[in-house]
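Asks: Each chain, letter by letter, is given below.
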Amino acid sequence: MDSVEIALRDAHQRSWAYILASVVRFARDLDLAEDAVQDAFVAALESWRRDGIPNAPAAWLITAAKRKVIDRIRRDASLDRKLPLLIVPEGEPDMEVPSDIPDERLRLIFTCCHPALNLEARVALTLRLVCGLTTPEVARLFVVTEPTMAARITRAKKKIAVAGIPYRVPEAHELPDRLPAVLSAIYLVFTEGHAASSGTRLIREELTTRAIDLARILTRLMPDEPEVIGLLALITLADARSVTRIDQHQQFVPLHEQDRARWNREQIQTGTDLVERALRLSANRVPGPFALQAAIGALHAEAPTFEETDWPQVLALYDLLLEVVPSPVVALNRSVAISKIEGPAAALRIVDQIADSGALATYPFLAATRADLLRQLGQISLARTAYETALSLTTNSIDRTYLRNRLNAL
Amino acid sequence: MKYMLMIYDRQELYDTATPEQMETAMTQHADFYRHMSEHFPGFTSERLQVPNTATSLTQNARGDWLITDGPFPDVKESIGGFYVFDANDLDAAIDAAKHCPAWVGLELRPVFTHE
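Protein sequence lines, in the order shown, are assigned to chains A and B.
So that you can map any letter, position 56 of the first sequence is 56 in the numbering used here, and since no number is skipped, the others follow by simple counting.
So that you can map any letter, position 8 of the second sequence is 8 in the numbering used here, and since no number is skipped, the others follow by simple counting.
Please keep in mind that the hints were generated in silico from the structure rather than gathered at the bench.
Just so you know, even glycine gets a beta-carbon here, dropped at the ideal spot from N, CA and C.
Be careful, since some hints might not be right.
Derived Cβ-Cβ restraints for the label pairs, each shown as a range [unchecked claim]:
id : chain 1 : residue 1 : chain 2 : residue 2 : range
1  : A       : S381      : B       : F72       : 29 to 39 angstroms
2  : B       : S45       : A       : G358      : 22 to 32 angstroms
3  : B       : N60       : A       : G358      : 30 to 40 angstroms
4  : B       : T53       : A       : S381      : 20 to 30 angstroms
5  : B       : F72       : A       : A346      : 29 to 39 angstroms
6  : B       : I79       : A       : A359      : 46 to 56 angstroms
7  : A       : G358      : B       : L57       : 50 to 60 angstroms
8  : B       : E12       : A       : D356      : 20 to 30 angstroms
9  : B       : S45       : A       : H173      : 43 to 53 angstroms
10 : A       : A116      : B       : P41       : 38 to 48 angstroms
11 : A       : A359      : B       : W103      : 46 to 56 angstroms
12 : A       : R349      : B       : T58       : 43 to 53 angstroms
13 : A       : R349      : B       : Q59       : 48 to 58 angstroms
14 : A       : P176      : B       : N88       : 40 to 50 angstroms
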């Protein structure tokens, strides 16, 4: 790779979102802007080899891409536009040169992750437009065909234009409506990578790295938002412990059997510091779901052994989380903390309540949790039935092997 | 952009609502109506009769019409009324819609316009 190629790769990695975001605002058309930025990168290869690498590569690329936009509009003036122009509120200064002002990228992120777009669309658009991955790359990461992913991205872009999703950064009072859609999209990128169910190890690592990068960018752009920091803390702590979740035979290892010596201490420290910052910033308010889950993750990460985990503190955090997110999945996870403090019988009563409500009828971890509690209570035949129920609800081969082993060990 | 705000209703809610609840809803709609006509150009609105007054028409492959009673499709929710208004963008339309009373839910849809 020559120096020009290296400079272009750096510009792509570091400034793609910046460049695209600036050009989108100028072009008011996502496809047009994307094509123009792509063309600018191609043009740079030749031009930089001839004239040398410019002092401000990103600014050069923005200017070149804007020129391409103008050329295209002139050339196609007689043609009908496929989609209406993006709505760009007036009165916001155009940032010609990339600066420390982060708004350009935020505009792009909040547009790609508008709550009017479904989660899959938000994730695909974010990876395509904010991370600068090609459509085949995004398709590969989500193990779908290229035409499927292309159609998904096209549909999402069309919805942005036709529904009138504006290209702007929401104001502070709008964040409660808007931020969760951004955070859940980034979190899905991470969990998709974290899940052992699909794709090769390489794909999984690329997804978790992308998610952490995105969360990190967002914390830089919104340094005082506790939930943004909470998200980065949560995925950093999960990533720190991910090496021990699956053993060398591709089998799931439950938390209490994981080799804690292999956890990444540096990442745990970073994650724990972030948790503290998120909780401090939530002062006087109940922390949000990401900060709370991250705080629970920090307690697990810091405990020398499973038994020595600060269970009362874990339970207190689950109580808060259940208040903020009254979901049966949270209630189920909370039951594990109950079993550690009040014993398996008390936990089983809670799990049975959840089961009776019918809310998680097809959720294999409900049956698996029941089975584990029944096993602890010595009710072996009931435990066996529960493990069998869990097995019948699981298609993921790693989870199936784990449950099968548990069943055989009874 | 022109948006249509559709109000979803359920017949059973009309059947079981107390006079006070109906009164409250009417006052809220009146307030919303006033707010919208003051702030949003191109504003228009209709309240529809209750869902069980609806008649549905479907056409088979041969072109024969089938006329049935009730809203289309046959689900619990149906459209109880609508507001049409101009807003700068979807976020402005969402802000506006938040002032509208909603027993069941609301749907915002951009209106197709010829440039």
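Asks: For each hint, tell me whether it holds in the structure or not.
Replies: Hint by hint, here is what the structure shows:
1. The supplied range of 29 to 39 angstroms is broken by S381(A) and F72(B), whose beta-carbon atoms lie about 52 angstroms from each other.
2. Between S45(B) and G358(A) the beta carbons are some 40 angstroms apart, a value that contradicts the proposed interval 22 to 32 angstroms.
3. At roughly 38 angstroms, the beta carbons of N60(B) and G358(A) sit within the given window of 30 to 40 angstroms.
4. Between T53(B) and S381(A), the C-beta spacing of about 58 angstroms breaks the proposed range 20 to 30 angstroms.
5. For the hinted restraint 29 to 39 angstroms between F72(B) and A346(A), the CB-CB distance of approximately 51 angstroms leaves it violated.
6. At about 30 angstroms, the CB distance of I79(B) to A359(A) disagrees with the hint of 46 to 56 angstroms.
7. Between G358(A) and L57(B) the C-beta distance comes to about 38 angstroms, which lies outside the given range of 50 to 60 angstroms.
8. Take E12(B) and D356(A): their Cβ atoms lie about 26 angstroms apart, and the range 20 to 30 angstroms holds.
9. For S45(B) paired with H173(A), a C-beta distance near 27 angstroms fails the hint of 43 to 53 angstroms.
10. The hinted window of 38 to 48 angstroms between A116(A) and P41(B) is violated, with their beta carbons roughly 23 angstroms apart.
11. At about 24 angstroms, the CB distance of A359(A) to W103(B) disagrees with the hint of 46 to 56 angstroms.
12. Hint check: R349(A) to T58(B), Cβ distance near 51 angstroms, so the stated range 43 to 53 angstroms holds.
13. Distance hint for R349(A) and Q59(B): a CB-CB separation of about 56 angstroms, consistent with the stated range 48 to 58 angstroms.
14. Taken as a hint, the range 40 to 50 angstroms is violated for the pair P176(A) and N88(B), whose Cβ atoms sit roughly 21 angstroms apart.
The earlier numbered hints that this structure contradicts are 1, 2, 4, 5, 6, 7, 9, 10, 11 and 14.
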